[in-house]
Amino acid sequence: NAGVMQNPRHLVRRRGQEARLRCSPMKGHSHVYWYRQLPEEGLKFMVYLQKENIIDESGMPKERFSAEFPKEGPSILRIQQVVRGDSAAYFCASSPDALWADTQYFGPGTRLTVL
Amino acid sequence: DQQVKQNSPSLSVQEGRISILNCDYTNSMFDYFLWYKKYPAEGPTFLISISSIKDKNEDGRFTVFLNKSAKHLSLHIVPSQPGDSAVYFCAASVNQGGKLIFGQGTELSVKP
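Protein chains in written order, with the working numbering: chain A, 12 to 126; chain B, 178 to 289.
Careful, some of the hints might be misleading.
[Claimed, not checked] Listed next, with one range per pair, are the computed distances between beta-carbon atoms:
1. B/Glu235 <-> A/Glu52: 38 to 46 angstroms
2. B/Ile195 <-> A/Lys73: 39 to 47 angstroms
3. A/Arg89 <-> B/Glu219: 20 to 28 angstroms
4. B/Thr222 <-> A/Glu83: 22 to 30 angstroms
5. A/Glu29 <-> B/Ile195: 22 to 30 angstroms
6. B/Gly260 <-> A/Pro50: 21 to 29 angstroms
7. A/Ser98 <-> B/Ile195: 31 to 39 angstroms
8. A/Pro107 <-> B/Asn244: 41 to 49 angstroms
9. A/Glu52 <-> B/Asp236: 35 to 43 angstroms
10. A/Ser69 <-> B/Ser187: 24 to 32 angstroms
11. A/Arg31 <-> B/Ala218: 29 to 37 angstroms
12. B/Ser229 <-> A/Arg75: 30 to 38 angstroms
13. B/Asn272 <-> A/Asn64: 15 to 23 angstroms
14. B/Asn204 <-> A/Leu126: 33 to 41 angstroms
[Claimed, not checked] Straight line, CA to CA, 27 angstroms or less: simulated DSSO-like cross-link-like pairs of lysine-lysine:
15. B/Lys214 <-> B/Lys182
16. A/Lys62 <-> A/Lys38
17. B/Lys214 <-> A/Lys55
18. B/Lys231 <-> A/Lys38
19. B/Lys182 <-> A/Lys73
20. A/Lys82 <-> A/Lys55
21. A/Lys62 <-> A/Lys82
22. B/Lys182 <-> B/Lys233
23. A/Lys73 <-> A/Lys62
24. A/Lys55 <-> B/Lys245
25. A/Lys55 <-> B/Lys248
26. B/Lys245 <-> B/Lys182
27. A/Lys73 <-> A/Lys38
28. B/Lys248 <-> B/Lys231
29. B/Lys245 <-> B/Lys231
30. A/Lys55 <-> B/Lys288
[To be verified] Stretch-level coverage of chain B by chain A, calculated; a stretch enters the list once three of its residues show a Cβ under 8 angstroms from a Cβ in chain A:
31. 221 to 234
32. 275 to 282
Think of the hints as simulated: they come from the structure by calculation, not from any bench. All C-beta atoms, glycine included, are put in the ideal place defined by N, C-alpha and C.
Produce the entire structure from the sequences given, and follow the hints as far as they go.
Here's what the structure looks like:
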């Protein structure tokens, strides 16, 4: 029973490039959450998605960031025109259904470095 | 606006003794609280949770206490083991749904 999978584990981009981070939830989980952890800080909520729907994007920066969770395939967090301040660890979490929405299980994270 | 605060960035405890990690919150609407453990270069691992209708929840060596009037929760680990050395995050949510608000974390070091 595989856990939450994220890839790539490490991603290096130059300023102005695009970063695409992928998350495959645990089997049977239909809720996906993205969090960002900046150095020396806690995790900050970014976005909450169900299949094909964005439920809560209150933590997403207004520009350059987007997320999707299509009917088929992994959830994607996309960062356009990356800047040095985007360097962080990005974690994806999943949960089974609305009744257990708070027990979120996390993936290993993608560490983004912007040069 | 830090709604969930862990004021101790680090804690050192001797093996076999009790570890007490603390967490304070400001939002009285929070009704569900969780503790996660995190090793370097890994994702957070769920440890234990508590609903606001309870004041205590226990799971093996881990016990979480909730004091709603003080807006304070704590995680007790007893006995502490060297493998418990990690960063511990408390987190909270409103209406038991959706986003989690995390504290800054406390790094626990359990010395043999």
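A quick look at each hint next to the structure:
Between B/Glu235 and A/Glu52 the beta carbon distance is about 30 angstroms. The supplied range of 38 to 46 angstroms is therefore violated. As the Cβ distance of B/Ile195 to A/Lys73 is approximately 46 angstroms, the hint placing it in 39 to 47 angstroms holds. Between A/Arg89 and B/Glu219 the beta carbons are some 24 angstroms apart, a value that agrees with the proposed interval 20 to 28 angstroms. The hinted range of 22 to 30 angstroms is satisfied by B/Thr222 and A/Glu83, whose Cβ atoms lie roughly 29 angstroms apart.
For the pair A/Glu29 and B/Ile195, the supplied restraint of 22 to 30 angstroms is violated, since their beta-carbon distance comes to about 49 angstroms. With their beta carbons about 25 angstroms apart, B/Gly260 and A/Pro50 fall inside the hinted range of 21 to 29 angstroms. Under the hint 31 to 39 angstroms, the C-beta atoms of A/Ser98 and B/Ile195, about 38 angstroms apart, fit the expected range. A hinted range of 41 to 49 angstroms for the beta carbons of A/Pro107 and B/Asn244 is inconsistent with their spacing of about 30 angstroms.
Evaluation of the 35 to 43 angstroms hint for A/Glu52 and B/Asp236 yields a failure: the beta carbon distance comes to about 28 angstroms. Evaluation of the 24 to 32 angstroms hint for A/Ser69 and B/Ser187 yields a pass: the beta carbon distance comes to about 31 angstroms. The given range of 29 to 37 angstroms is broken by A/Arg31 and B/Ala218, whose C-beta atoms sit roughly 21 angstroms from each other. At roughly 37 angstroms, the beta-carbon separation of B/Ser229 and A/Arg75 lies within the given 30 to 38 angstroms, and the hint holds.
Judged by the Cβ atoms, the range 15 to 23 angstroms given for B/Asn272 and A/Asn64 holds: they are separated by roughly 18 angstroms. At about 38 angstroms, the CB distance of B/Asn204 to A/Leu126 agrees with the hint of 33 to 41 angstroms. Pair hint B/Lys214 plus B/Lys182 holds up; C-alpha atoms about 16 angstroms apart against a cutoff of 27 angstroms. As the CA atoms of A/Lys62 and A/Lys38 are separated by approximately 13 angstroms, the hinted pair is consistent with the 27 angstroms bound.
This hinted pair checks out: B/Lys214 and A/Lys55 have alpha carbons roughly 16 angstroms apart, not beyond 27 angstroms. Taken as a hint, the B/Lys231 and A/Lys38 pair is broken in the structure, with Cα atoms around 31 angstroms apart against an allowance of 27 angstroms. Proximity of B/Lys182 to A/Lys73 is assessed by CA-CA distance (about 26 angstroms); at most 27 angstroms being required, the pair is judged to hold. Proximity of A/Lys82 to A/Lys55 is assessed by CA-CA distance (about 26 angstroms); at most 27 angstroms being required, the pair is judged to hold.
Straight-line distance between C-alpha atoms of A/Lys62 and A/Lys82 comes to about 6 angstroms, which keeps the hinted pair within the 27 angstroms bound. Annotation: proposed proximity of B/Lys182 to B/Lys233 holds, straight-line Cα distance about 20 angstroms (limit 27 angstroms). Note on A/Lys73 and A/Lys62: the hinted pairing holds, with a Cα-Cα distance of about 22 angstroms set against a maximum of 27 angstroms. Taking the CA atoms of A/Lys55 and B/Lys245, the gap is about 24 angstroms. The hint holds against a cut of 27 angstroms.
A C-alpha spacing of about 21 angstroms is found between A/Lys55 and B/Lys248, which places the hinted pair at or below 27 angstroms, so the restraint holds. A C-alpha spacing of about 15 angstroms is found between B/Lys245 and B/Lys182, which places the hinted pair at or below 27 angstroms, so the restraint holds. Simply put, A/Lys73 and A/Lys38 have alpha-carbon atoms about 31 angstroms apart, too far for the 27 angstroms limit, and the pair is violated. This hinted pair checks out: B/Lys248 and B/Lys231 have alpha carbons roughly 13 angstroms apart, not beyond 27 angstroms.
A hinted pair counts as satisfied when its Cα atoms are at most 27 angstroms apart, and B/Lys245 with B/Lys231 qualifies at roughly 9 angstroms. Distance restraint check for A/Lys55 and B/Lys288: the Cα-Cα separation of roughly 30 angstroms exceeds the 27 angstroms cut-off, and the hinted pair is therefore not satisfied. Residue count for the segment 221 to 234 of chain B with a Cβ under 8 angstroms from a Cβ of chain A: 4. That meets the three needed, and the coverage hint holds. Counting residues of the segment 275 to 282 of chain B whose CB falls under 8 angstroms from any CB of chain A gives 8; the rule of at least 3 is met.
The earlier numbered hints that this structure contradicts are 1, 5, 8, 9, 11, 18, 27 and 30.
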